[in-house]
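Participant: For the sequence shown, the numbering used here begins at 9 and goes up steadily by one.
Keep in mind the hints are simulated off the structure, nothing from the lab.
A portion of the hints provided could be inaccurate.
Stated by the list, open to error - As a list, the in silico DSSO-like pairs of lysine-lysine whose alpha-carbon atoms are at most 30 Å apart: (1) Lys97 - Lys77; (2) Lys11 - Lys77; (3) Lys41 - Lys15; (4) Lys129 - Lys77; (5) Lys77 - Lys51; (6) Lys125 - Lys97; (7) Lys125 - Lys41; (8) Lys97 - Lys15; (9) Lys51 - Lys129.
As the list claims (entries may be wrong) - Derived DEER-like restraints, expressed as beta-carbon distance ranges: (10) Ala42 - Lys11: 15 to 23 Å; (11) Leu38 - Thr111: 18 to 26 Å; (12) Ala50 - Tyr137: 26 to 34 Å; (13) His87 - Leu27: 16 to 24 Å; (14) Asp122 - Ser71: 29 to 37 Å; (15) Pro17 - Glu58: 40 to 48 Å; (16) Lys11 - Asn112: 49 to 57 Å; (17) Leu38 - Gln13: 38 to 46 Å; (18) Gly109 - Gly21: 24 to 32 Å.
Predicted model, so just to flag it, every value in this text is computed and none were measured.
Glycine included, each C-beta is placed from N, C-alpha and C at the ideal position.
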Amino acid sequence: AFKAQVKVPADIGGMVDTLLSRSALGMLGLARKAGAVVLGAAKVENAVREGQALLVLHATEASDDGVRKISQARQATVHLGGPAIPAYKLFPEAELSLALGGTNVIHAAVLAQDAGKAVEKRMVALDRYRGGSPG
9 AFKAQVKVPA DIGGMVDTLL SRSALGMLGL ARKAGAVVLG AAKVENAVRE GQALLVLHAT
69 EASDDGVRKI SQARQATVHL GGPAIPAYKL FPEAELSLAL GGTNVIHAAV LAQDAGKAVE
129 KRMVALDRYR GGSPG
């Protein structure tokens, strides 16, 4: 029954990571077109404080200060009885900018809409595959 020889490529881990990344970035672009993504630190912080954000994305190059400010907004939202909003640092600025049709995209919030939920599934899968946990 299962006697066939199978050859697994040596770089299968990288292939899986690439496929998960493409899926996440593709869905992120679709969510942007659906109006389910906001860009920029101020807009992201506002979406977090208003409880509209489903998750936050930071470019891997994001400054500690920018991440800290948005993290404080996330913590304040939880303290005031709002949802816990995960944050991910999965992509460099160039990839986020390309996926979202912007330039210099450092911070983005995915809004709690149907399109946002599809993005969340893919970001969680990629983060888990890479062995991370949202910060």
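Participant: A separate judgement is required for each hint: does it hold in the structure or not?
Facilitator: Evaluated hints:
1. Lys97 - Lys77: holds (15 Å)
2. Lys11 - Lys77: violated (57 Å)
3. Lys41 - Lys15: Violated: Lys41 and Lys15 sit about 40 Å apart, past 30 Å.
4. Lys129 - Lys77: Distance ~25 Å between Lys129 and Lys77 Cα, so the pair holds.
5. Lys77 - Lys51: Holds. Lys77 to Lys51 sits at ~12 Å (cutoff 30 Å).
6. Lys125 - Lys97: Given pair Lys125, Lys97 holds - Cα atoms ~18 Å apart, limit 30 Å.
7. Lys125 - Lys41: Measuring from Cα to Cα gives roughly 14 Å; hence the hint holds.
8. Lys97 - Lys15: violated (33 Å)
9. Lys51 - Lys129: With a Cα-Cα distance of about 23 Å, the restraint between Lys51 and Lys129 holds, given a limit of 30 Å.
10. Ala42 - Lys11: 15 to 23 Å: violated (48 Å)
11. Leu38 - Thr111: 18 to 26 Å: For Thr111 against Leu38, whose Cβ atoms are near 19 Å apart, the range 18 to 26 Å holds.
12. Ala50 - Tyr137: 26 to 34 Å: Between Ala50 and Tyr137, where Cβ atoms are some 32 Å apart, the hint holds.
13. His87 - Leu27: 16 to 24 Å: violated (38 Å)
14. Asp122 - Ser71: 29 to 37 Å: With Cβ atoms ~32 Å apart, the hint holds.
15. Pro17 - Glu58: 40 to 48 Å: holds (46 Å)
16. Lys11 - Asn112: 49 to 57 Å: holds (55 Å)
17. Leu38 - Gln13: 38 to 46 Å: holds (40 Å)
18. Gly109 - Gly21: 24 to 32 Å: 30 Å Cβ-Cβ, so the 24 to 32 Å window holds.
The earlier numbered hints that this structure contradicts are 2, 3, 8, 10, 13.
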